[in-house]
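Per the numbering used here, the sequence shown starts with residue 12, numbered consecutively.
In short, the hints are calculated from the structure, not lab data.
Quick reminder that beta carbons are idealized off the backbone N, C-alpha and C, glycines included.
Treat the hints with caution; some may be incorrect.
[As the list claims (entries may be wrong)] Mimicking SDA-like on lysine to any residue, the simulated pairs with C-alpha atoms at most 20 angstroms apart in a straight line are: (1) K63 - G38; (2) K69 - L98; (3) K69 - K31; (4) K35 - R80; (5) K35 - K63; (6) K63 - K31; (7) K63 - Q77; (8) K69 - A48; (9) K63 - M92; (10) K256 - R201; (11) K35 - K69; (12) K69 - A46; (13) K31 - A41; (14) K69 - V37; (15) K69 - A41; (16) K69 - E42; (17) K63 - A48; (18) K35 - G55; (19) K63 - E45.
[As the list claims (entries may be wrong)] Label-pair ranges, simulated between beta-carbon atoms: (20) R165 - Q77: 31 to 39 angstroms; (21) P182 - G283: 17 to 25 angstroms; (22) T59 - P260: 57 to 65 angstroms; (23) K35 - D151: 43 to 51 angstroms; (24) R54 - Y82: 16 to 24 angstroms.
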Amino acid sequence: MQNSQRKSQGEAAVPAGEAKYWVKTVGRGAEILEALAAGGPGRGLSVTEVGKACGISKSAAFGILQTLRHYGMVADEGEGMNRRYRLGMALARLGDRARAQVSLRDVARPVLARLSEATGMAARVAVPEAGQAVVIDQVDRAVGPGLDLRMGTRELPHCSGLGKALLAALPEDEARALLAASGLPRRTSRTITDEPTLLAHLRDVRASGYALDDEEDAEGIFCIGSVLRDHRGEPAGAISVTGLKLDLPSWRFQELGREVRDAAGEISGALGYVVEAAGRQGPGALDT
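Just need the whole structure built from these sequences, with the hints factored in.
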């Protein structure tokens, strides 16, 4: 029987390869929590609405709701036909603890390793600090000449892939204020030092989801970065790949940009970012 058929009969769809370890009731409980989360603020959901949303009977929905209520994961109000259910505050406590247990470096490291292997380039992760991007971890390229990339390096916001990815994630008024404080010093002949031009460039970054530093920070070197978002949709950091330009064609930059953007999306998901709720995953750079 197909997963969609099972779902309509009240059985949670089982991910491929996990049937042996799948506990149906736990899966249904998770689906109920998702249904309550999708209900948004306000009136909550009735047991009938919960059952309908999850494809299970009212009695099954009621039993699971009451169990989750016992653990504080579901709360209810009202009586009888007017009883409504919503998410419980125990989830907020668990969410705080989950976030405290997450290390950006640990989450990003395996993704950076795969990205470096796939691209043959150095992959890095940075966090915002005082308007700059501070590198906290990197995976060096496996082949070819090495680059002098060091931990703790501070990347300028207007001319580096990491910096521009983070800068583009800010509202434009905040980006203007940051640029006013940091300035737009020229690093190479290709550095953008005009604020209106840079702000227009950042709009392209937001649209494409990745940022390109095309020899703007150092001659002969390019860097492509994309922002990481946390559970609130706020910028938590950025990742990038860095390599020697060597007359790479424009289509290769676009290809690398999509790879970096996808890797950033994977890390953001592990940090609790939900694309459907926060809109299209953004910022990273310019399709060149």
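Hint-by-hint comparison with the structure:
1. K63 - G38: holds (16 angstroms)
2. K69 - L98: holds (18 angstroms)
3. K69 - K31: violated (27 angstroms)
4. K35 - R80: holds (18 angstroms)
5. K35 - K63: It holds: about 17 angstroms lies between the C-alpha atoms, which stays within 20 angstroms.
6. K63 - K31: violated (27 angstroms)
7. K63 - Q77: With Cα atoms ~17 angstroms apart, K63 and Q77 stay inside 20 angstroms; holds.
8. K69 - A48: holds (19 angstroms)
9. K63 - M92: Answer holds: K63 to M92 is near 16 angstroms, not above 20 angstroms.
10. K256 - R201: Status holds; Cα separation ~13 angstroms.
11. K35 - K69: The hint holds at about 16 angstroms.
12. K69 - A46: holds (14 angstroms)
13. K31 - A41: holds (18 angstroms)
14. K69 - V37: holds (17 angstroms)
15. K69 - A41: Holds, at about 16 angstroms.
16. K69 - E42: Status holds; Cα separation ~14 angstroms.
17. K63 - A48: holds (15 angstroms)
18. K35 - G55: Distance ~24 angstroms between K35 and G55 Cα, so the pair is violated.
19. K63 - E45: holds (13 angstroms)
20. R165 - Q77: 31 to 39 angstroms: Since R165 and Q77 have Cβ atoms about 54 angstroms apart, the given range 31 to 39 angstroms is violated.
21. P182 - G283: 17 to 25 angstroms: Given a distance of about 21 angstroms, which is inside 17 to 25 angstroms, the answer is holds.
22. T59 - P260: 57 to 65 angstroms: Taking Cβ atoms as reference, T59 and P260 lie about 58 angstroms apart, which means the hint holds.
23. K35 - D151: 43 to 51 angstroms: holds (46 angstroms)
24. R54 - Y82: 16 to 24 angstroms: Since R54 and Y82 have Cβ atoms about 23 angstroms apart, the given range 16 to 24 angstroms holds.
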